[in-house]
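Trainee: As they're listed, the protein sequences go chains G and E.
Mapping the first sequence onto my numbering, position 23 (from 1) lands on 23, and the numbers just tick up by one.
Mapping the second sequence onto my numbering, position 100 (from 1) lands on 100, and the numbers just tick up by one.
Honestly, I wouldn't trust all of these hints.
What the hints assert, rightly or not - Here are the computed distance ranges between Cβ atoms for each label pair:
{"#": "1", "chain 1": "G", "residue 1": "E41", "chain 2": "E", "residue 2": "S8", "range": "37 to 45 Å"}
{"#": "2", "chain 1": "E", "residue 1": "N11", "chain 2": "G", "residue 2": "R42", "range": "36 to 44 Å"}
{"#": "3", "chain 1": "E", "residue 1": "Q77", "chain 2": "G", "residue 2": "R42", "range": "30 to 38 Å"}
{"#": "4", "chain 1": "E", "residue 1": "Q17", "chain 2": "G", "residue 2": "R42", "range": "32 to 40 Å"}
{"#": "5", "chain 1": "G", "residue 1": "K40", "chain 2": "E", "residue 2": "W13", "range": "39 to 47 Å"}
Stated by the list, open to error - Mimicking DSSO-like on lysine-lysine, the simulated pairs with C-alpha atoms at most 27 Å apart in a straight line are:
{"#": "6", "chain 1": "E", "residue 1": "K131", "chain 2": "E", "residue 2": "K4"}
{"#": "7", "chain 1": "E", "residue 1": "K4", "chain 2": "E", "residue 2": "K21"}
{"#": "8", "chain 1": "G", "residue 1": "K50", "chain 2": "E", "residue 2": "K123"}
{"#": "9", "chain 1": "G", "residue 1": "K40", "chain 2": "G", "residue 2": "K50"}
{"#": "10", "chain 1": "E", "residue 1": "K2", "chain 2": "E", "residue 2": "K123"}
{"#": "11", "chain 1": "E", "residue 1": "K4", "chain 2": "E", "residue 2": "K123"}
{"#": "12", "chain 1": "E", "residue 1": "K131", "chain 2": "G", "residue 2": "K50"}
{"#": "13", "chain 1": "G", "residue 1": "K50", "chain 2": "G", "residue 2": "K35"}
{"#": "14", "chain 1": "G", "residue 1": "K50", "chain 2": "E", "residue 2": "K69"}
{"#": "15", "chain 1": "E", "residue 1": "K21", "chain 2": "E", "residue 2": "K2"}
{"#": "16", "chain 1": "E", "residue 1": "K69", "chain 2": "E", "residue 2": "K4"}
{"#": "17", "chain 1": "E", "residue 1": "K2", "chain 2": "E", "residue 2": "K69"}
{"#": "18", "chain 1": "E", "residue 1": "K2", "chain 2": "G", "residue 2": "K50"}
{"#": "19", "chain 1": "E", "residue 1": "K69", "chain 2": "E", "residue 2": "K21"}
{"#": "20", "chain 1": "E", "residue 1": "K123", "chain 2": "E", "residue 2": "K69"}
{"#": "21", "chain 1": "G", "residue 1": "K40", "chain 2": "E", "residue 2": "K131"}
{"#": "22", "chain 1": "E", "residue 1": "K4", "chain 2": "G", "residue 2": "K50"}
{"#": "23", "chain 1": "E", "residue 1": "K69", "chain 2": "E", "residue 2": "K131"}
Worth flagging that the hints you see were computed from the coordinates, not collected in a lab.
Heads up, the beta-carbon is just placed ideally off N, CA and C, and yes, glycines get one too.
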Amino acid sequence: MIQVRFFASLREEMGREGAELEAVEASTIGEVWEKVAAGKERPANLLMAKNMDYSGPDTPVCDGDEVAFFPPVTGG
Amino acid sequence: MKIKIMESPFNPWDEMQRYEKEVLDSLYAGQYGAATVFSGTMRDFNEGDGVTGMLLEHYPGMTDQYLGKISQEAAEQWDLLDTLIVHRVGLMMPNDPIVLVAAWSAHRGVAFEAARYLIEELKSRAPFWKKEQLLEGERWVANNTPA
Numbered sequence: 001m002i003q004v005r006f007f008a009s010l011r012e013e014m015g016r017e018g019a020e021l022e023a024v025e026a027s028t029i030g031e032v033w034e035k036v037a038a039g040k041e042r043p044a045n046l047l048m049a050k051n052m053d054y055s056g057p058d059t060p061v062c063d064g065d066e067v068a069f070f071p072p073v074t075g076g
Numbered sequence: 001m002k003i004k005i006m007e008s009p010f011n012p013w014d015e016m017q018r019y020e021k022e023v024l025d026s027l028y029a030g031q032y033g034a035a036t037v038f039s040g041t042m043r044d045f046n047e048g049d050g051v052t053g054m055l056l057e058h059y060p061g062m063t064d065q066y067l068g069k070i071s072q073e074a075a076e077q078w079d080l081l082d083t084l085i086v087h088r089v090g091l092m093m094p095n096d097p098i099v100l101v102a103a104w105s106a107h108r109g110v111a112f113e114a115a116r117y118l119i120e121e122l123k124s125r126a127p128f129w130k131k132e133q134l135l136e137g138e139r140w141v142a143n144n145t146p147a
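All chains, please: the whole structure from these sequences, using the hints.
Mentor: Written as structure tokens, this is what we have:
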């Protein structure tokens with residue numbers, strides 16, 4: 001399985017904290033987005049992480065990975 | 001090199017003093033000529049509106065990992081003795097401390113540069129998000145203000 005997580009304003013827009021995908025359903029982070037976003041276009045400023053490291057849409061994913069999508073960070 | 005995520009209010013000056021006593025003084029007594037600090041406090045205004053409260057969300061695990069990475073990068077770039085980062089999460093009120101970064105070194109130049117690096121990198125890379133409570137309604141902060 002691939003665990004998908006949404007944070008902050010994106011979580012509210014998606015209406016859920018995350019999702020689970022079978023590993024065969026997506027081979028890259030971009031494909032993960034397409035599977036879980038229900039037709040929502042990927043925001044231009046969307047940030048992505050695989051296993052808690054910043055990644056891009058072409059980053060490959062496999063079984064056991066955690067993929068997170070979130071808006072620009074605003075800490076500090 | 002220490003990272004702390006706080007779910008309740010903290011006092012940055014107490015954190016500084018405690019860390020100096022417990023760590024710096026046991027490892028580097030007599031060696032640290034300079035300590036530089038950035039302390040960030042919650043404002044009661046933003047973009048022309050009054051702000052009555054703020055929820056600070058983060059990505060547990062990734063937050064610690066990135067604050068650790070940033071600290072490590074600073075340690076590799078400058079001749080530091082130690083660094084400390086403390087960041088608040090959860091619901092906070094105006095005037096509550098949000099963040100403390102501190103750097104210790106033999107001399108002030110590298111300590112200033114390293115503290116500046118730590119706070120700017122934290123603001124652009126550590127996965128925290130602010131949601132402001134206004135007099136009417138609430139809103140996510142879209143971007144950090146420029147340095």
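Trainee: If a hint holds in the structure, say so; if it does not, say that too.
Mentor: Now the hints, each set against the structure:
For the pair E41 (chain G) and S8 (chain E), the beta carbons lie near 39 Å from each other, so the given range of 37 to 45 Å is met. Here the CB-CB span from N11 (chain E) to R42 (chain G) is close to 42 Å, well matched to the stated 36 to 44 Å. For the hinted restraint 30 to 38 Å between Q77 (chain E) and R42 (chain G), the CB-CB distance of approximately 34 Å keeps it satisfied. Between Q17 (chain E) and R42 (chain G) the beta carbons are some 47 Å apart, a value that contradicts the proposed interval 32 to 40 Å.
Separated by about 45 Å at the C-beta atoms, K40 (chain G) and W13 (chain E) satisfy the suggested range of 39 to 47 Å. For a cut-off of 27 Å, the pair hint linking K131 (chain E) to K4 (chain E) stands: about 21 Å separates their Cα positions. Distance hint between K4 (chain E) and K21 (chain E) is fulfilled; the C-alpha atoms sit about 17 Å from each other, no more than 27 Å. Using a Cα cut-off of 27 Å, the hinted pair K50 (chain G) and K123 (chain E) holds, with the two alpha carbons roughly 20 Å apart.
A C-alpha spacing of about 20 Å is found between K40 (chain G) and K50 (chain G), which places the hinted pair at or below 27 Å, so the restraint holds. For the hint linking K2 (chain E) to K123 (chain E), the alpha-carbon distance of about 17 Å falls within 27 Å, and the restraint holds. Between K4 (chain E) and K123 (chain E) the alpha-carbon distance is near 16 Å, which keeps this suggested pair within the 27 Å criterion. A C-alpha spacing of about 24 Å is found between K131 (chain E) and K50 (chain G), which places the hinted pair at or below 27 Å, so the restraint holds.
Taking the CA atoms of K50 (chain G) and K35 (chain G), the gap is near 16 Å; set against the 27 Å cutoff, the hint holds. Simply put, K50 (chain G) and K69 (chain E) have alpha-carbon atoms about 16 Å apart, close enough for the 27 Å limit, and the pair holds. Between K21 (chain E) and K2 (chain E) the CA atoms are separated by roughly 14 Å; this keeps the pair inside 27 Å, and the hint holds. The hinted pair formed by K69 (chain E) and K4 (chain E) meets the criterion: a straight-line CA distance of about 14 Å does not exceed 27 Å.
Of the supplied pair hints, the one linking K2 (chain E) and K69 (chain E) holds, its CA atoms being roughly 11 Å apart against a limit of 27 Å. Taken as a hint, the K2 (chain E) and K50 (chain G) pair is honoured in the structure, with Cα atoms around 25 Å apart against an allowance of 27 Å. Distance hint between K69 (chain E) and K21 (chain E) is fulfilled; the C-alpha atoms sit about 25 Å from each other, no more than 27 Å. With a C-alpha separation of about 13 Å, the suggested pairing of K123 (chain E) with K69 (chain E) holds against the 27 Å cut-off.
Restraint check for K40 (chain G) and K131 (chain E): the C-alpha separation of about 23 Å stays at or below 27 Å, so the hint holds. Distance check on the hinted pair: K4 (chain E) and K50 (chain G) sit about 23 Å apart at the alpha-carbon level, within 27 Å; holds. Taking the CA atoms of K69 (chain E) and K131 (chain E), the gap is about 25 Å. The hint holds against a cut of 27 Å.
The structure is inconsistent with hint 4 alone, although it conforms to all the rest.
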